[in-house]
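*Asks:* Chains as they are written, first to last, in UniProt numbering: chain A, 1 to 137; chain B, 1 to 423.
I should point out that these hints are in silico values taken from the structure, not numbers from a laboratory. Bear in mind that the values here come from a model prediction, so they are computed numbers and not experimental data. Among the hints, a few may not be true.
Covered by chain A, per the in silico footprint, the following chain B stretches (three or more residues, Cβ under 8 Å) [said to hold, decoys possible]:
hint, stretch
1, 158-171
2, 177-191
3, 315-322
We put the CB at the ideal spot given by N, CA and C, even for glycine.
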Amino acid sequence: MTIRALKQISTGRNGVGAFVLQCKKMDFHYCDWAGSSRGMNGFIKSLLPKFVGSHPQVEFSVSPRPSKHPVIIAQYINGREKAICVRNMEPYEILKKAELLRDASGEQLRKVTKPVQSINESVRGVWSPYHGNGMQV
Amino acid sequence: MKRLRLDRWTGQALVARSGACSASTPRAALRSAAVPRCAAVRSQSTSAVLQIPKDDEYYDGTDHTRFPPLERLPPRATSLPSPPPERALKSAKLAALRARLSLPDKLPLQTLARALVDASADDNPLFNNTNLAFVGQSLINYHVAEWLMCRYPRLPMDILYAAMKGYAGPASLHQVARSWGIEHAAAPGGEVDPGLLQFSMHKPGNAILGFGTRRAEADGMKKYKWRHSLSNRVIFDDDFGQVVADAAEQEKPQLLRRADTEYGNEYTRALAEAAYSTCARAVVGAIYAHTGREPVKAFVRAHVLSRTLDLSRLFAFAKATKELSLLCAREDFDPPTARLLSETGRASRTPVFVVGIFSGADKLGEAAGPSLEHARSKAAMNALKSWYLYSPGEHVRVPSDVLVEDARPWEPAYIDMGEIIGR
Numbered sequence: 001m002t003i004r005a006l007k008q009i010s011t012g013r014n015g016v017g018a019f020v021l022q023c024k025k026m027d028f029h030y031c032d033w034a035g036s037s038r039g040m041n042g043f044i045k046s047l048l049p050k051f052v053g054s055h056p057q058v059e060f061s062v063s064p065r066p067s068k069h070p071v072i073i074a075q076y077i078n079g080r081e082k083a084i085c086v087r088n089m090e091p092y093e094i095l096k097k098a099e100l101l102r103d104a105s106g107e108q109l110r111k112v113t114k115p116v117q118s119i120n121e122s123v124r125g126v127w128s129p130y131h132g133n134g135m136q137v
Numbered sequence: 001m002k003r004l005r006l007d008r009w010t011g012q013a014l015v016a017r018s019g020a021c022s023a024s025t026p027r028a029a030l031r032s033a034a035v036p037r038c039a040a041v042r043s044q045s046t047s048a049v050l051q052i053p054k055d056d057e058y059y060d061g062t063d064h065t066r067f068p069p070l071e072r073l074p075p076r077a078t079s080l081p082s083p084p085p086e087r088a089l090k091s092a093k094l095a096a097l098r099a100r101l102s103l104p105d106k107l108p109l110q111t112l113a114r115a116l117v118d119a120s121a122d123d124n125p126l127f128n129n130t131n132l133a134f135v136g137q138s139l140i141n142y143h144v145a146e147w148l149m150c151r152y153p154r155l156p157m158d159i160l161y162a163a164m165k166g167y168a169g170p171a172s173l174h175q176v177a178r179s180w181g182i183e184h185a186a187a188p189g190g191e192v193d194p195g196l197l198q199f200s201m202h203k204p205g206n207a208i209l210g211f212g213t214r215r216a217e218a219d220g221m222k223k224y225k226w227r228h229s230l231s232n233r234v235i236f237d238d239d240f241g242q243v244v245a246d247a248a249e250q251e252k253p254q255l256l257r258r259a260d261t262e263y264g265n266e267y268t269r270a271l272a273e274a275a276y277s278t279c280a281r282a283v284v285g286a287i288y289a290h291t292g293r294e295p296v297k298a299f300v301r302a303h304v305l306s307r308t309l310d311l312s313r314l315f316a317f318a319k320a321t322k323e324l325s326l327l328c329a330r331e332d333f334d335p336p337t338a339r340l341l342s343e344t345g346r347a348s349r350t351p352v353f354v355v356g357i358f359s360g361a362d363k364l365g366e367a368a369g370p371s372l373e374h375a376r377s378k379a380a381m382n383a384l385k386s387w388y389l390y391s392p393g394e395h396v397r398v399p400s401d402v403l404v405e406d407a408r409p410w411e412p413a414y415i416d417m418g419e420i421i422g423r
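Excised from the complex, chain A in its bound form (with noise of 0.2 Å):
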């Protein structure tokens, strides 16, 4: 018995084999009253409709919230969530941050510096000093 194996597990690389959406709940919140409500009241009768049927992998719902602003929370696979506050909006900018929710990937907003991102191990390999005929200095 000269070879033994150890516990590894595979990590998901989403949209690699198939890609799923990260956002999985909306929640559009309105009053009936405030004024700041008027746009997202707007958005809910005429392009919420459509945005809905569009995608039918989020599960959406609408709810009053009397007398305060008008929010959009959005829930994510990673458990996270986020919320945007759309108070005094006009409905196609309610409608950019809704899609601005959806796009997003539930994780925190980070810098990103480097340009490309990968769990693959490089193509040309690290770098050796103990390769090679080096140079004459």
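For this one, chain A is given, so just place chain B on it according to the hints.
*Replies:* What follows is chain B alone, placed relative to chain A:
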């Protein structure tokens, strides 16, 4: 001020007591929780005796005229162990899940709902996912095994088992099911949303979910670590080469008792992992039942085999140099010799030696290490790994490719002699 999160409180305070006094707010109800215990002692008290309802109907203290239920449940739904199938058509979560996985409309929501009911939630095999999961498990394991065997024909059996487990084992299928966005209900029951995974946190289900025999000597093998050979494992054990264990022997009474009060413990995590992996298998079984062979193969490729597993990290060698020299003898190569390719700082605290293993003029492997012996054995391991991980190509044909109509006839795949040193 921060809002009180009543749902985060430990279970004891939230259990609906039968005959709880009618308090105006939930907080007032919690404050008066100690009253009934005193009332039992003070028989002379003039305070009103609390009335305990006679019927067994579950009542959680909600004022149903102020807060009407969101969904009108069918009669006696709360007494059922799992939601009735007709409720699946109204579940938004379920419809979203089907669309998220791009499942065809041929797969009815009722079947998908059934795939989310674990055997620990509902014993009835007509309503839980046992049968679907059995089919799904066979299909996943078949596709993973044939792909691994054709893609890496020289894998030793031990490593093949570990790779199978890495792709299709319960831990990775648990991750797969989580990545689909499946959530679980706090407790199973007829009234919960059918789009939630339902399993019991108190008992494992008694479903049989795979091939393999329960060995008579399993207890002795566990206690005395009796040796069992690999060919023995192939015949008797499950698809991952593991001894089939009873569900009952995994129970841990102390952990089980604490399962309600703790946020989660080792035992509940194991139950959740088993339930999620069973659910992922059941979804695959459901796809097979309603759409057939090819869609299920594409689904397994897309969700299971597309995941990354570095097979070279599965190997642990005991005697790499010995195994390499036996390999060279078997394959009629020149006997392997280790040569120092380059070195630095031999007399220093951190020397580096680069050693290559050569067979004649061919370099079989190379590695750098802090000592000559270490570098040599690492180089031998690299040489062995490159032998064992030989692959005919990334897009190899597998036997199930022939089952498609007008497919090219099967060309025999590469079959290896086997491991260098058996056991």
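*Asks:* Each hint needs a verdict: does it hold in this structure or not?
*Replies:* Against the structure, the hints come out as follows:
{"no.": "1", "hint": "158-171", "result": "holds (count 9)"}
{"no.": "2", "hint": "177-191", "result": "holds (count 4)"}
{"no.": "3", "hint": "315-322", "result": "holds (count 7)"}
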